[in-house]
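> Spelled out from the first residue to the last, the chains are:
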Amino acid sequence: MKKILFESKSKMQRNERVINKILIMLGVISILTTIGIILSLAEETVQFFKSVSIVEFFTSTKWTPMFEPANYGVLPLVMGTFLIVIFSSIISIPIGLGSAIYLSEYAPKKVRKILKPVLEILAGIPSIVYGYFALTSITPLIRSIFPNASVFNALSAGIAVGIMTIPMVSSLSEDAMMAVPDSLRLGAYALGSTKFEVATKIVVPAAFSGIAASFILSISRAIGETMIVAMAAGSTPKLTLNPLESIQTMTGYIVQISLGDVPAGSIGYKTIFAVGTLLFFITFILNILSRNIVRKYRRAY
Amino acid sequence: METKIKVENLNFYYGNNRALSNINMDIYKNKITAFIGPSGCGKSTFLRTINRMNEFIENTRVEGKILIDGEDIYSKKVDPVELRRRVGMVFQRPNPFPKTIYENIVYGLKKNGVKNKEILNEVVDTTLKSVALYEEVKDKIHKSALELSGGQQQRLCIARTIAMQPDVILFDEPTSALDPISTMKIEELLLELKNDYTIIIVTHSMQQAARISDYTAFFLNGEVIEFDETNKIFSNPRDKRTEDYITGRFG
Numbered sequence: 001m002k003k004i005l006f007e008s009k010s011k012m013q014r015n016e017r018v019i020n021k022i023l024i025m026l027g028v029i030s031i032l033t034t035i036g037i038i039l040s041l042a043e044e045t046v047q048f049f050k051s052v053s054i055v056e057f058f059t060s061t062k063w064t065p066m067f068e069p070a071n072y073g074v075l076p077l078v079m080g081t082f083l084i085v086i087f088s089s090i091i092s093i094p095i096g097l098g099s100a101i102y103l104s105e106y107a108p109k110k111v112r113k114i115l116k117p118v119l120e121i122l123a124g125i126p127s128i129v130y131g132y133f134a135l136t137s138i139t140p141l142i143r144s145i146f147p148n149a150s151v152f153n154a155l156s157a158g159i160a161v162g163i164m165t166i167p168m169v170s171s172l173s174e175d176a177m178m179a180v181p182d183s184l185r186l187g188a189y190a191l192g193s194t195k196f197e198v199a200t201k202i203v204v205p206a207a208f209s210g211i212a213a214s215f216i217l218s219i220s221r222a223i224g225e226t227m228i229v230a231m232a233a234g235s236t237p238k239l240t241l242n243p244l245e246s247i248q249t250m251t252g253y254i255v256q257i258s259l260g261d262v263p264a265g266s267i268g269y270k271t272i273f274a275v276g277t278l279l280f281f282i283t284f285i286l287n288i289l290s291r292n293i294v295r296k297y298r299r300a301y
Numbered sequence: 001m002e003t004k005i006k007v008e009n010l011n012f013y014y015g016n017n018r019a020l021s022n023i024n025m026d027i028y029k030n031k032i033t034a035f036i037g038p039s040g041c042g043k044s045t046f047l048r049t050i051n052r053m054n055e056f057i058e059n060t061r062v063e064g065k066i067l068i069d070g071e072d073i074y075s076k077k078v079d080p081v082e083l084r085r086r087v088g089m090v091f092q093r094p095n096p097f098p099k100t101i102y103e104n105i106v107y108g109l110k111k112n113g114v115k116n117k118e119i120l121n122e123v124v125d126t127t128l129k130s131v132a133l134y135e136e137v138k139d140k141i142h143k144s145a146l147e148l149s150g151g152q153q154q155r156l157c158i159a160r161t162i163a164m165q166p167d168v169i170l171f172d173e174p175t176s177a178l179d180p181i182s183t184m185k186i187e188e189l190l191l192e193l194k195n196d197y198t199i200i201i202v203t204h205s206m207q208q209a210a211r212i213s214d215y216t217a218f219f220l221n222g223e224v225i226e227f228d229e230t231n232k233i234f235s236n237p238r239d240k241r242t243e244d245y246i247t248g249r250f251g
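For the record, the sequence lines run as chains P and W.
Note that UniProt numbering gives residue 46 to position 46 of the first sequence, counting from 1, and the numbers run on in steps of one.
Note that UniProt numbering gives residue 28 to position 28 of the second sequence, counting from 1, and the numbers run on in steps of one.
Think of the hints as simulated: they come from the structure by calculation, not from any bench.
Take the hints with a grain of salt, since some may be wrong.
Stated by the list, open to error - Derived DSSO-like pairs (lysine-lysine); straight-line CA-CA distance at most 30 Å: (1) LYS143/W x LYS111/W; (2) LYS117/W x LYS129/W; (3) LYS201/P x LYS111/W; (4) LYS21/P x LYS31/W; (5) LYS296/P x LYS117/W; (6) LYS65/W x LYS76/W; (7) LYS111/W x LYS195/P; (8) LYS6/W x LYS31/W; (9) LYS201/P x LYS296/P; (10) LYS201/P x LYS143/W; (11) LYS195/P x LYS115/W; (12) LYS232/W x LYS65/W; (13) LYS31/W x LYS143/W; (14) LYS109/P x LYS111/W; (15) LYS201/P x LYS115/W; (16) LYS116/P x LYS31/W; (17) LYS110/W x LYS140/W; (18) LYS296/P x LYS110/W; (19) LYS296/P x LYS143/W; (20) LYS138/W x LYS201/P; (21) LYS129/W x LYS143/W; (22) LYS110/P x LYS76/W; (23) LYS115/W x LYS296/P; (24) LYS201/P x LYS99/W; (25) LYS296/P x LYS138/W; (26) LYS109/P x LYS143/W; (27) LYS65/W x LYS195/P; (28) LYS201/P x LYS110/W; (29) LYS195/P x LYS232/W.
Produce the complete structure using the sequences and hints provided.
What follows is the structure in structure tokens.
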């Protein structure tokens, strides 16, 4: 009996070691993939900047790599992305935060049980459906209000991206607010607070780090969103703040070139790596920012 | 002696469970009234009926009356938010807001529209002094309240309550999470505060009730077994069950 026990113990230890190795391998795979992606981005980007000056890339206001004369100013694409971020945030942040406050502070348990999964279904809709929705529903609506709006415009795509990111804001913000201990709510009620005061003056500030992180993640998502903007925002890089015009975002440009017949190795081909690298850095910085906010404002209640 | 709170035939239910049965009690102004009794006897439930905090627990029901200065707090005309501004409460575990010490104290005032910086600063100073916290925290008033020790946090919570200038302050086992020295400081503070406020304290410690209270109510199974001057309860209890409890035979 004793012998069997020892045997099985050594077998267990061997299994543990094998499992340990497999898990390390899995971890290494994801790290190596990331490094590989960065390297392949970097290689073509360096090639690109051998032919185009970095000053022109960041200061020229025209992006016409496929035309003569070719201009390589990325600002119009950045501005296009910026417009999408602005309009999507105008939609997703107030609606997302409002529904998070409702779900966490006001909704009866039964309502929350139904509403929360419904909101999360929004997150599961493929973005191409949102693109289609933007094109067939939002754009006609915009054009009925602003007749001079073009068929493809930043506003329509921005609104669709905003709707898509509502569940991200509401779900993460609600998690953060639910984590605020009830003792704080009761303390505030005992000082004669109304429900609204408890929600806005106690719960939201206490959950600020999680809420801010949800905002940044949704912005990050809007920057990276591709399908909706490719379908609804247009494909004319333009340095404009007018949301009713056709524009192009960084992601939209990459899609356009990737789907076209630009020969590999040409300068036009390399542009998408340069834009991709810039996109990578912007989202990378936002992620670091959100981590720092979470760390700085995390309260140990 | 002036009656501040008059409780008449109060019953309280959690669902179908009667947690308080037929409670009648007079609580006097500027006195400390202590509620003692074993766990689950209803003393905290009763305390929470006085500022209607039980309403945050689902499926509860109150019958009977609680009159504060002659006005029934369960009448439809009374807004529980207003009531809680007059009847403050300090909890078992210190629960300062994750804000600065200053913001914790002025929270209630700011909420009620007091904006004048001078008034706010003065309230912060005087309330911190009245809870004997001023000397300890005067250099870090604008630092997070969460940096304070448990005892300091609890005194801050009392300061936060006093800043609202309530008539009555309810204390729900305010020292059960604190060390003996912090407990002593809070007890001294309560004796000070009774000059200005009517104080009700739920305590699990009979010694604490004996040390600081003027009146004591002994609760058992949702009923008030005996309510009298504290020294009478402890030296000469009328009911056998009270005697058994205070001599440590159960509970």
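> Against this structure, judge whether each hint is valid.
Against the structure, the hints:
{"no.": "1", "hint": "LYS143/W x LYS111/W", "in the structure": "holds (20 Å)"}
{"no.": "2", "hint": "LYS117/W x LYS129/W", "in the structure": "holds (18 Å)"}
{"no.": "3", "hint": "LYS201/P x LYS111/W", "in the structure": "holds (9 Å)"}
{"no.": "4", "hint": "LYS21/P x LYS31/W", "in the structure": "violated (70 Å)"}
{"no.": "5", "hint": "LYS296/P x LYS117/W", "in the structure": "holds (28 Å)"}
{"no.": "6", "hint": "LYS65/W x LYS76/W", "in the structure": "holds (12 Å)"}
{"no.": "7", "hint": "LYS111/W x LYS195/P", "in the structure": "holds (12 Å)"}
{"no.": "8", "hint": "LYS6/W x LYS31/W", "in the structure": "holds (14 Å)"}
{"no.": "9", "hint": "LYS201/P x LYS296/P", "in the structure": "holds (19 Å)"}
{"no.": "10", "hint": "LYS201/P x LYS143/W", "in the structure": "holds (18 Å)"}
{"no.": "11", "hint": "LYS195/P x LYS115/W", "in the structure": "holds (21 Å)"}
{"no.": "12", "hint": "LYS232/W x LYS65/W", "in the structure": "holds (27 Å)"}
{"no.": "13", "hint": "LYS31/W x LYS143/W", "in the structure": "violated (35 Å)"}
{"no.": "14", "hint": "LYS109/P x LYS111/W", "in the structure": "holds (28 Å)"}
{"no.": "15", "hint": "LYS201/P x LYS115/W", "in the structure": "holds (16 Å)"}
{"no.": "16", "hint": "LYS116/P x LYS31/W", "in the structure": "violated (49 Å)"}
{"no.": "17", "hint": "LYS110/W x LYS140/W", "in the structure": "holds (20 Å)"}
{"no.": "18", "hint": "LYS296/P x LYS110/W", "in the structure": "holds (26 Å)"}
{"no.": "19", "hint": "LYS296/P x LYS143/W", "in the structure": "holds (14 Å)"}
{"no.": "20", "hint": "LYS138/W x LYS201/P", "in the structure": "holds (25 Å)"}
{"no.": "21", "hint": "LYS129/W x LYS143/W", "in the structure": "holds (17 Å)"}
{"no.": "22", "hint": "LYS110/P x LYS76/W", "in the structure": "holds (27 Å)"}
{"no.": "23", "hint": "LYS115/W x LYS296/P", "in the structure": "holds (29 Å)"}
{"no.": "24", "hint": "LYS201/P x LYS99/W", "in the structure": "holds (10 Å)"}
{"no.": "25", "hint": "LYS296/P x LYS138/W", "in the structure": "holds (25 Å)"}
{"no.": "26", "hint": "LYS109/P x LYS143/W", "in the structure": "violated (36 Å)"}
{"no.": "27", "hint": "LYS65/W x LYS195/P", "in the structure": "holds (25 Å)"}
{"no.": "28", "hint": "LYS201/P x LYS110/W", "in the structure": "holds (11 Å)"}
{"no.": "29", "hint": "LYS195/P x LYS232/W", "in the structure": "violated (43 Å)"}
When the structure is compared with the earlier hints, violations turn up for hints 4, 13, 16, 26, 29 and for no others.
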